[in-house]
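I would like the entire structure built from these sequences, with the hints used as guidance.
For the record, the sequence lines run as chains A, B, C and D.
So the first sequence is residues 1 to 281, counted in my numbering.
So the second sequence is residues 1 to 250, counted in my numbering.
So the third sequence is residues 1 to 325, counted in my numbering.
So the fourth sequence is residues 1 to 239, counted in my numbering.
Keep in mind that the hints were calculated from the coordinates and are not lab data.
Because the structure is a prediction, the values reported are computed rather than measured.
In silico EDC-like links for lysine to aspartate or glutamate, alpha-carbon gap of 16 Å or less:
{"id": "1", "chain 1": "B", "residue 1": "Lys75", "chain 2": "B", "residue 2": "Asp106"}
{"id": "2", "chain 1": "C", "residue 1": "Lys178", "chain 2": "B", "residue 2": "Asp144"}
{"id": "3", "chain 1": "C", "residue 1": "Lys178", "chain 2": "B", "residue 2": "Asp106"}
Residues from chain A that keep clear of chain C, each with C-beta distances beyond 10 Å, as calculated:
{"id": "4", "residue": "Thr40"}
{"id": "5", "residue": "Thr130"}
{"id": "6", "residue": "Thr178"}
{"id": "7", "residue": "Leu239"}
{"id": "8", "residue": "Ala245"}
Note that the Cβ used here is the ideal one computed from N, Cα and C, for glycine as well.
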Amino acid sequence: MIGSIYGLIAMGYSLIYSASGLLSFTQGELLMFGAFLGLTFYKYANLPFVISITLTIAIMFMVGVFIESFIIRKLVKAKANLIFIVLATIALSIVLKNFAMLVWGSNVFQFPQIFKTGFVKIGDVNVDPTSIMAIVIAFIAMLILHFFMNKTRFGTSMRAAAQNPLAAKTMAINVSRTTYVTWGLASALAGIAGFLIGPVYGVHLEMGTMIGLKGFAAAVIGGYGNMYGAIIGSFIIGLVETFTAAYISSIYKDVISFLVLIAFLILKPRGIFNSKVYDEE
Amino acid sequence: MLKIQDVVIKFGGLCAVNEVSMDVEPNSITALIGPNGAGKTTLFNIISGVLTPLSGDILFAGNSIKGFRPYMINKTGIARTYQNINLFSNISVIENVMIGQHCRRDSNLFQTLFRTNYQVREEREIREKAMEILDFLGLAEFSDFTAKSLSYGNQRKLEIARALASTPQVLLLDEPAAGMNTTEKGELMDLIRQIQDTGVTILIVEHDMKLVMSLAEQVHVMNYGRKIAQGKPYEVQNNKDVIEAYLGTE
Amino acid sequence: MIQKKMKYIIVTVFLLALPLVFIGNSYFLLLLCTGMIYVIAVSGLDLLFGYSGQISLGHAGFFAIGAYTSAILSIKLGIPVVFSMLFAAGLATMFAVLIALPAARLVHHFLALITISFGEIVYLFVSHADPLTNGFSGIGFIPSPSLGFFVFDTNMKYYYFLLVIVAVLLMFKNRIIKSRTGRAIIAVRENIYASDGIGVNVKNYKILSFALSSFYTGLAGALYAHLIGFISPESFTLNQSIIFLTMLLLGGMGNFYGPIIGALVLTLGTEYLQVLGNYQMLVYGTILLLIVVFIPSGLIHVVNLRNLRKILHKRTTAEENDDNA
Amino acid sequence: MEKTTVLKVEDLDYKYGSIHALRGISLEVNEGEIVALIGGNGAGKTTTLRCISGLLDAPESGNISFYGESIVKQKSDKIAARGIMQVLEGRHIFSKLTVKENLSLGAFNRQADYASTLQYVYTLFPVLKEREQQEGGTLSGGEQQMLALGRALMSKPKLLMMDEPSLGLAPIIVRNIFEMITKINKDGTTVLLVEQNSKAALNIADRGYVIESGRIILTDTSNNLLNNEEVKKSYLGEK
Numbered sequence: 001m002i003g004s005i006y007g008l009i010a011m012g013y014s015l016i017y018s019a020s021g022l023l024s025f026t027q028g029e030l031l032m033f034g035a036f037l038g039l040t041f042y043k044y045a046n047l048p049f050v051i052s053i054t055l056t057i058a059i060m061f062m063v064g065v066f067i068e069s070f071i072i073r074k075l076v077k078a079k080a081n082l083i084f085i086v087l088a089t090i091a092l093s094i095v096l097k098n099f100a101m102l103v104w105g106s107n108v109f110q111f112p113q114i115f116k117t118g119f120v121k122i123g124d125v126n127v128d129p130t131s132i133m134a135i136v137i138a139f140i141a142m143l144i145l146h147f148f149m150n151k152t153r154f155g156t157s158m159r160a161a162a163q164n165p166l167a168a169k170t171m172a173i174n175v176s177r178t179t180y181v182t183w184g185l186a187s188a189l190a191g192i193a194g195f196l197i198g199p200v201y202g203v204h205l206e207m208g209t210m211i212g213l214k215g216f217a218a219a220v221i222g223g224y225g226n227m228y229g230a231i232i233g234s235f236i237i238g239l240v241e242t243f244t245a246a247y248i249s250s251i252y253k254d255v256i257s258f259l260v261l262i263a264f265l266i267l268k269p270r271g272i273f274n275s276k277v278y279d280e281e
Numbered sequence: 001m002l003k004i005q006d007v008v009i010k011f012g013g014l015c016a017v018n019e020v021s022m023d024v025e026p027n028s029i030t031a032l033i034g035p036n037g038a039g040k041t042t043l044f045n046i047i048s049g050v051l052t053p054l055s056g057d058i059l060f061a062g063n064s065i066k067g068f069r070p071y072m073i074n075k076t077g078i079a080r081t082y083q084n085i086n087l088f089s090n091i092s093v094i095e096n097v098m099i100g101q102h103c104r105r106d107s108n109l110f111q112t113l114f115r116t117n118y119q120v121r122e123e124r125e126i127r128e129k130a131m132e133i134l135d136f137l138g139l140a141e142f143s144d145f146t147a148k149s150l151s152y153g154n155q156r157k158l159e160i161a162r163a164l165a166s167t168p169q170v171l172l173l174d175e176p177a178a179g180m181n182t183t184e185k186g187e188l189m190d191l192i193r194q195i196q197d198t199g200v201t202i203l204i205v206e207h208d209m210k211l212v213m214s215l216a217e218q219v220h221v222m223n224y225g226r227k228i229a230q231g232k233p234y235e236v237q238n239n240k241d242v243i244e245a246y247l248g249t250e
Numbered sequence: 001m002i003q004k005k006m007k008y009i010i011v012t013v014f015l016l017a018l019p020l021v022f023i024g025n026s027y028f029l030l031l032l033c034t035g036m037i038y039v040i041a042v043s044g045l046d047l048l049f050g051y052s053g054q055i056s057l058g059h060a061g062f063f064a065i066g067a068y069t070s071a072i073l074s075i076k077l078g079i080p081v082v083f084s085m086l087f088a089a090g091l092a093t094m095f096a097v098l099i100a101l102p103a104a105r106l107v108h109h110f111l112a113l114i115t116i117s118f119g120e121i122v123y124l125f126v127s128h129a130d131p132l133t134n135g136f137s138g139i140g141f142i143p144s145p146s147l148g149f150f151v152f153d154t155n156m157k158y159y160y161f162l163l164v165i166v167a168v169l170l171m172f173k174n175r176i177i178k179s180r181t182g183r184a185i186i187a188v189r190e191n192i193y194a195s196d197g198i199g200v201n202v203k204n205y206k207i208l209s210f211a212l213s214s215f216y217t218g219l220a221g222a223l224y225a226h227l228i229g230f231i232s233p234e235s236f237t238l239n240q241s242i243i244f245l246t247m248l249l250l251g252g253m254g255n256f257y258g259p260i261i262g263a264l265v266l267t268l269g270t271e272y273l274q275v276l277g278n279y280q281m282l283v284y285g286t287i288l289l290l291i292v293v294f295i296p297s298g299l300i301h302v303v304n305l306r307n308l309r310k311i312l313h314k315r316t317t318a319e320e321n322d323d324n325a
Numbered sequence: 001m002e003k004t005t006v007l008k009v010e011d012l013d014y015k016y017g018s019i020h021a022l023r024g025i026s027l028e029v030n031e032g033e034i035v036a037l038i039g040g041n042g043a044g045k046t047t048t049l050r051c052i053s054g055l056l057d058a059p060e061s062g063n064i065s066f067y068g069e070s071i072v073k074q075k076s077d078k079i080a081a082r083g084i085m086q087v088l089e090g091r092h093i094f095s096k097l098t099v100k101e102n103l104s105l106g107a108f109n110r111q112a113d114y115a116s117t118l119q120y121v122y123t124l125f126p127v128l129k130e131r132e133q134q135e136g137g138t139l140s141g142g143e144q145q146m147l148a149l150g151r152a153l154m155s156k157p158k159l160l161m162m163d164e165p166s167l168g169l170a171p172i173i174v175r176n177i178f179e180m181i182t183k184i185n186k187d188g189t190t191v192l193l194v195e196q197n198s199k200a201a202l203n204i205a206d207r208g209y210v211i212e213s214g215r216i217i218l219t220d221t222s223n224n225l226l227n228n229e230e231v232k233k234s235y236l237g238e239k
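So this is what it looks like as C-alpha cells:
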C-alpha cells in the first residue's frame with residue numbers, strides 16, 4: 001500500500017527530473033494539498049467519489065502547470081543557478097503548507113469511509129478495502145501514464161523534449177508546452193496519491209513532508225529520472241519501512257529510510273538504473 | 001619533455017584515441033591538428049589528467065604522470081587553457097590569476113586566520129606576480145573587472161594568464177585563436193612566441209592553418225583517433241594522407 | 001585610511017553603547033543576542049553556500065549538535081562552558097567532515113537531499129534518544145558561560161560576550177576569504193573543471209568549507225543553548241535550516257555584510273510580526289520565494305553598498321573589489 | 001527567370017552576454033540552391049544557423065525573412081513548422097527512442113503524407129529501415145547522421161539547414177552523406193550547408209559565403225571561391 005503511494009510520488013519526481021533536470025521539493029506538499037482537496041470535495045461538498053477524484057486531479061494538474069509557468073520558467077529563463085530553482089521549490093512547499101493551514105487549519109481530519117464494510121478477508125488476513133482500492137487506482141494511474149508516454153504522439157514528444165530539448169525544438173515541438181504538461185502530470189500524480197492515502201492515514205498538514213522525502217528516496221534508489229526504476233525503488237522503501245516497523249521499532253522506521261537513502265546516495269548514487277549525479281561529470 | 005606512448009581511450013565502444021604516441025621537445029612549439037572529432041581535445045584531456053587512458057603511458061620529464069588527477073598534473077608543471085573558455089567568471093581578472101598560483105604557494109588555514117608575517121608577505125607576492133603576468137599579456141588595465149565582462153579575445157588571453165601563473169614548464173593551448181579576427185590572431189602569435197622565449201614548452205591545438213604553419217616547429221596530425229602524420233609544417237602540408245583527411249582533396 | 005579607521009571606531013562605539021539604551025528592556029537584548037547568534041550561524045552557512053557554492057539544508061543539524069553537545073557536557077560532566085562550547089563546535093565540524101567526505105561529489109539537488117536527511121536524522125535522534133537528550137521535553141537549566149569568576153548570566157553581559165565572539169569570527173571569515181584558501185574555495189564555486197586544472201584539489205576544499213561552515217554553525221548552536229538556558233528538538237527542525245537559508249539569501253550571499261543584514265533583519269522583523277502567530281513560516285516561505293525569483297543576490301545588492309560607498313568616499317575600484325571578493 | 005528568395009538574412013547582430021558573436025551578417029538563399037557557409041571554429045557559423053531557426057534569444061538587431069515574411073522573433077517550433085528544418089551539429093538524435101520514433105518526431109507537425117514520406121526516407125537510407133526498432137543511441141556515427149538527416153526530411157522541409165554534417169565521420173561516409181545532400185537538393189529541397197570541410201562543401205554547393213569573426217568577408221560562386229587565393233590559403237590549407 002504505502003509502496004504504491006511512494007511510487008506515485010517517485011514517478012512525479014522522475015518525470016520532472018527527466019523533463020527539466022530539476023529536483024522539485026514540492027511533491028510532498030502537493031500530496032498534502034491533493035488530500036485536502038479530496039477531503040473538501042468528498043466530505044464537505046458531498047460529491048460522489050469519482051467526481052471528487054477527477055476534480056482533484058484536474059485542479060492539481062493546473063497547480064503543476066501554474067508552478068512551472070510562473071515560477072520555474074522564470075528562473076530557467078533568467079539562467080538562474082540550479083540551486084536557486086531547488087530553493088524556489090522548497091520555498092513553494094513552505095508556502096503551500098502554510099497556505100493549507102490558513103484554509104483548513106492544523107487539525108487531523110478523518111476521511112469518511114468509502115466502503116460500507118470494514119474489512120475484506122483475503123485468505124486468513126483481514127484487509128482494508130480502501131487500501132486495496134488505493135493500490136488498484138495507483139496501479140491504473142501508472143498504467144495510463146505508461147501508455148500515454150509510450151503510445152501517444154504527445155507522450156513521445158514529451159520524452160523527446162526531455163531527452164534533447166534542442167533537437168526537439170528543431171522538430172516543431174513546443175518544448176515549453178511539453179515541460180508544463182510534465183509538471184502538471186507530476187502534480188496530478190501527487191494529488192492522486194494524497195487522495196488515496198487520506199482515507200487510510202487521515203489528512204493533516206504534515207502528512208506530505210515525510211512521504212515526499214521518502215518518495216524522493218525511492219526515486220533515487222530506482223535511478224533518478226527513470227520512471228520504472230522509481231516504482232521498484234518505492235516498493236523497496238515500502239518494504240524496508242514495513243519490516244523496520246514490524247521487527248525493530250516504528251520510531252526508527254523514518255531513520256532507517258533516511259539511512260537507506262544516504263547509503264544509496266553514497267554507495268550507489270546512480271541507483272539500480274543509471275543517472276547523472278556527480279558534480280564533475 | 002613530454003612523451004606520449006601508445007595512449008588508448010574509448011568512449012562506449014568508440015575508440016576516441018587509438019595508440020597515439022608523440023614526443024614534445026623541450027622549449028619547442030608543437031602543434032596538433034586534425035578535423036573536428038579527431039581526438040585532439042581528448043588527447044589534451046588525457047595529458048592534463050581529466051581522462052585516464054585505458055592503456056599507454058604519459059611521461060613528463062621522464063616520470064609517468066598517468067592516473068594523476070588534474071590538480072596534481074598542474075603541480076608537476078603542466079598547465080592548460082580550454083577550448084570553451086573556463087574562467088572563474090564572477091570574480092575579478094586579477095583574482096583569476098591569483099588563483100592560478102595556488103599550487104606554487106603554501107600558506108595554510110592557521111597562518112591565514114592569524115595573518116602571520118609569512119602569510120601577509122605571500123599574499124603581497126601573489127598579488128604582485130599576478131599583476132606582472134597581466135602586464136605581460138596586456139590585461140593590466142582590466143585587473144579589477146570581472147572576468148565575464150572581458151571581450152572574447154581578452155577572455156582567451158586571461159585563460160593563458162591564469163595558466164602561466166602556475167609557472168608551468170609545458171603549456172597546453174586548446175584552440176587559442178578560435179573566434180579571433182586576423183589582427184588578434186597576429187597578436188596572439190607574437191604572444192605565443194614571447195611565452196616560448198621565457199623557456200616554456202608549448203603544445204597547441206589549432207584550426208587556423210596560417211597560425212599553425214608559421215608558429216609550429218613540429219606538427220602532428222590526427223584523424224579518427226589515430227595519428228596519421230608528423231613532421232615539419234611543410235612536410236605535413238604535402239603529405240597525401242593529411243591532404244586527404246583534413247586539408248581537402250581535389 | 002583615516003576615514004576607514006573613523007568608521008570602525010564609530011561602529012564599535014555604537015555597538016558597545018547599544019545595550020545601554022535598552023537597560024531594563026531585557027527582552028530586546030535577548031532578541032539582539034539571538035540575532036547575533038544567527039549572524040554567526042548564517043555566516044557559517046555563507047562560507048559553504050555563498051563561497052564554495054554547496055547547498056546545505058541540514059544546518060539545523062549542526063546547530064543542534066552544537067547546542068546539545070555543549071548543554072550535555074556542561075550539565076552532566078560539569079565541563080566549563082567555554083570549553084564545552086568549543087568541544088561542541090568541534091564535534092559539529094567532525095560530523096560535517098564525515099558527511100562531506102562522500103557527499104561533496106554530489107550535484108546540487110542530491111547534496112540538498114543528503115543534507116536534509118542528515119538534519120532529519122539529527123532531529124529524530126535528539127527527539128528519541130531520551131536518556132541523553134531528554135527527548136521532546138528538552139534540556140533545561142543550561143549554565144551560563146563564565147571566564148574566571150565572571151559569569152555572563154544576564155542578557156546584557158551575554159551581549160558583550162557575543163559581541164567579541166562575533167567580531168572575531170567575522171574577522172576570521174574575512175581573512176579566510178581574502179586568502180589563498182578562500183580564493184580556492186571561491187574557485188570551486190565558480191568552475192570545478194578549471195579549479196581542478198589549475199591545481200586546486202576540489203574535493204579537499206569542498207570538505208574544508210563544510211568543516212569551516214559547521215564550526216560556525218555548531219558554535220552558534222552552543223551559544224544559543226547557553227543563552228536561552230533551555231533546548232528542545234523543535235528548535236532544530238528542517239524549518240530552522242530553511243530560516244538560515246532565508247536569512248542568508250535575504251541579506252545576500254558570498255558577501256561580508258549579507259549574513260549580518262539578513263540575520264538581524266529577519267530576527268528583529270519576524271519578532272515584531274509575532275501577531276502573525278502560526279503564519280510565521282508562511283511569511284518566511286513567501287520571502288524566500290520572492291527573493292529567489294526576483295532578487296537572487298539579496299538585499300545587499302538592492303541597497304548597493306558599493307555604490308553608496310563610492311559616492312561617500314570616492315574610493316578606488318580596486319579596494320571595492322577587495323571588499324566584495 | 002527570376003529566382004524566388006527562400007531565406008534572406010539582413011544585418012544580423014548577435015551577442016552572447018559580452019561576446020559579440022555576429023556583427024552584421026547578411027546572406028540569401030534562393031529556391032533550389034545549395035548554399036555553403038564556411039569558416040573556422042568560433043567564426044559564427046552555428047550561431048547564424050541557430051539565429052535563423054529561433055534556438056537563440058532574439059538577435060540584437062537585423063532581420064531574417066522566409067519567403068518574404070519576417071521570422072526573426074518567432075519561436076523555434078513555429079519556425080520549424082513553417083518548413084525550416086535544421087540538422088544540428090553533433091546530430092542530436094533522441095538516443096533512447098527507436099529509429100522509427102525518431103523519424104515520426106520529424107513529422108511531428110505533419111501527418112498527412114506520413115507513410116509516403118517515410119517510404120522516401122527509407123529509399124534514401126535503406127539502413128534506417130533495417131534498424132527501425134533499434135534505439136537511436138545504438139547506431140554508428142554515420143547511421144546517426146543519416147537518421148538526423150532522415151528525421152529532418154520527414155517534415156518535407158522547404159529549407160534544410162545542415163550544421164557540420166561531416167563532423168567526426170570517415171571520408172567515405174562523408175562522401176556518401178554529401179551525395180545524399182545533392183540528391184535531396186535535386187528532389188527539390190533548398191539547402192543551407194555549414195561546414196568546416198570547406199572543400200567538400202564548396203564542391204557540391206552553388207554559392208558560398210566565407211565567415212570570419214562574425215562577419216561575412218567574402219561571397220561568390222563555389223567555383224570562384226575554390227580558386228580564390230585567400231580562401232585557398234586560409235581554409236583549404238594550400239600555399
